[in-house]
Amino acid sequence: MIPPKTYQFLVGVFASLGSFNYGYDLGVIGGSVASDSFKAAFHPDANEVGAVVSLFTGGGFFGAAAAGPMGDWFGRRLAIMVGAIIFCIGGAIQAAGKNLSFFYSGRAIAGVGVGVLVMIVPMYQAEIAHPSIRGRVTGLQQLMLGIGAVFATWTVYGTNLHYAGSEQWRIPLGLQIVPAGILGLMILLFPESPRWLIDHGKEQEGLKVLAKLHANGNESDPWVQAEYLQIQSAIAQEHEVEAKGYRDLFTDRSSFRRLFLVTALQASVQMTGVSAIQYFTPDIYKTINIGTTESLKYQAISNVLSVLAQLCTVLFIDKLGRRWPLIIGNGVNCLCFIIVTATIASFPNQTLGVQNSLGWLFIVTNWFYQVSFSFTCGSLSWIIPAEVFDTKTRSKGISIGVMTSFAFNTMIGQITAPAIENIGWRYFILFVVCNFTNAIFFWAFMPETKLLPLEEMNALFNSTGWFVPGSNPKKTSDLDARVEEARLEKEGIAGEQVEG
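Residue numbers (the numbering used here): 6 to 505.
Treat each hint with caution, since some may be false.
Ranges of calculated distance between the beta carbons of each label pair, as one might list FRET restraints [as the list claims (entries may be wrong)]:
(1) Ile434 x Phe265: 23 to 29 Å
(2) Leu190 x Asn427: 45 to 51 Å
(3) Glu208 x Trp329: 34 to 40 Å
(4) Glu208 x Gly163: 51 to 57 Å
(5) Gly170 x Lys291: 19 to 25 Å
(6) Phe19 x Ala350: 42 to 48 Å
(7) Ala169 x Phe107: 17 to 23 Å
(8) Glu53 x Ser476: 33 to 39 Å
(9) Asn467 x Tyr168: 57 to 63 Å
Straight-line distance between alpha carbons at most 30 Å, and here's what the computed BS3-like set of lysine-lysine pairs gives [claimed, not checked]:
(10) Lys213 x Lys10
(11) Lys324 x Lys10
(12) Lys10 x Lys455
(13) Lys455 x Lys44
Because the hints were derived from the structure by calculation, they are not lab data. Beta carbons: idealized from backbone N, C-alpha and C, even for Gly.
Assemble the whole structure, with the sequences as input and the hints as a guide.
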């Protein structure tokens, strides 16, 4: 029999195939549009290359917007299935692209599918996971995203190396249909979110799912009973005050504070510079005289290092917490971009020997940056939004957060190629400044949420002020007290039966 936490983790791994697709596209598109055959077929200028990226992320914006209400109306699993089907359609259109307009439509449709998936998947993971491993399970979003990017960069590197025709980009773009198809076909075999079931009047079904997830089907388990009663109580209170989701996000002080932090977090992640590097690796490496095939190889190595860092996040984030890794990660990112900016700025005026040294400094610093980002900011941008909202606002709040991510991602995708072409190294000063201000902002305003049950986030955000340093939130969980109460009650009943 599989231990409950292992079962939760495995369900989270499968759901993360949606994140794999997002990572795969992040890794595949830069090499695809930079391939000789793509350029020969479509002759894209810098703005058209930007549109290839931004149409995907723009589609993601609208997909995330639709996923919020969709997840509440139809359930988490059906929303995941719909997102996977839409992504498959978009992927097929891209792989069969005959002209740029055809290709653009595939990018936008696939973006809608990814928008649905990356919004729903971490919420589903958070709602099925035990508080003690919730960070580990939701951290799978970034880990699988990284694994997808690794598969993509090595695939596109291989096709660029071994093919001369349109196979250079058609094969990598077509392969992304496979994991999305598997996810869409099989997600209904996995359990629905117990919180969604209880919120929609299916209490007994919700209790059965909780028991399956946390006690191998034992509905009388003290932890299951305590969690069930806590979810019931929180949802009953939301129904009593007629919580309205979107409206409460802006009218309730505690909910608005969480929305503000989540949207700031998602925007800040895009302003670390990670998307600029992922989407435009060949263009950035070209500034230090490294060709497309070589740049794809170095970025593929970088993505492998990122996966190792993301694996460390999955293993350790529930011990380290959320707050300080986020602060320190942004600080390290800032230092990395200072080095990258200085390297690109000084490169043209140096001798050949110095240029070679600067090239390796750039490559190694980029690797170090990817490790820092992947271990901290990247993973936490999915972990924190999935856990801070209550049941009525969770789907809508995460949706708005992911929409913010895609909006900033779209902006970065559209401006990076022209910016590198027109202002060169000065563009990267933007990321130096943003990483620094990110670290200061999260030091001031982001509270610690590790190990706290989802139903107790309201208490955390109601009992602490906006300015976090110096505040002392309570260290114990109400769920622990409920579990102990249920255990004693169960032992008392057993004792009475023995005496009888």
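**Message:** A range of 42 to 48 Å was offered for this pair. Does it hold for the Cβ distance of phenylalanine 19 and alanine 350?
**Reply:** About 46 Å separates the Cβ atoms of phenylalanine 19 and alanine 350, which means 42 to 48 Å holds.
**Request:** Look at the Cβ atoms of leucine 190 and asparagine 427 and judge whether their distance stays inside 45 to 51 Å.
**Result:** Since the Cβ atoms of leucine 190 and asparagine 427 sit about 46 Å apart, the hinted range of 45 to 51 Å holds.
**Request:** With respect to the beta-carbon atoms only, verify the hint that glutamate 208 and glycine 163 lie 51 to 57 Å apart.
**Result:** The hinted range 51 to 57 Å holds for glutamate 208 and glycine 163, with Cβ atoms some 52 Å apart.
**Status of the given 19 to 25 Å range, CB of lysine 291 versus CB of glycine 170** = For lysine 291 against glycine 170, whose Cβ atoms are near 23 Å apart, the range 19 to 25 Å holds.
**Request:** Check the following: the C-beta atoms of glutamate 53 and serine 476 are separated by a distance inside 33 to 39 Å.
**Result:** With Cβ atoms ~50 Å apart, the hint is violated.
**Request:** Indicate whether the distance between the beta carbons of isoleucine 434 and phenylalanine 265 respects the range 23 to 29 Å.
**Result:** Holds: the Cβ-Cβ distance is about 27 Å, inside 23 to 29 Å.
**Prompt:** Lying within 34 to 40 Å: is that true of the beta-carbon distance glutamate 208 to tryptophan 329?
**Reply:** 39 Å, holds
**Item:** Distance restraint evaluation - asparagine 467, tyrosine 168, Cβ atoms, bounds 57 to 63 Å
**Value:** Holds - the Cβ-Cβ distance for asparagine 467 and tyrosine 168, about 59 Å, lies within 57 to 63 Å.
**Prompt:** Between lysine 455 and lysine 44, is the straight-line Cα distance small enough, at 30 Å or below?
**Reply:** Roughly 48 Å between the alpha carbons, so the hint for lysine 455 and lysine 44 is violated.
**Prompt:** Does the structure keep lysine 213 and lysine 10 at a Cα separation of 30 Å or less?
**Reply:** 16 Å, holds
**Request:** Given the hint that lysine 10 pairs with lysine 455, test it: the Cα-Cα distance must not exceed 30 Å.
**Result:** 17 Å, holds
**Outcome for the supplied range 17 to 23 Å, where the beta carbon pair is alanine 169 and phenylalanine 107** = Once the Cβ atoms are compared, 22 Å apart, the range 17 to 23 Å for phenylalanine 107 and alanine 169 holds.
Going through the hint list in order, the structure does not satisfy hints 8 and 13.
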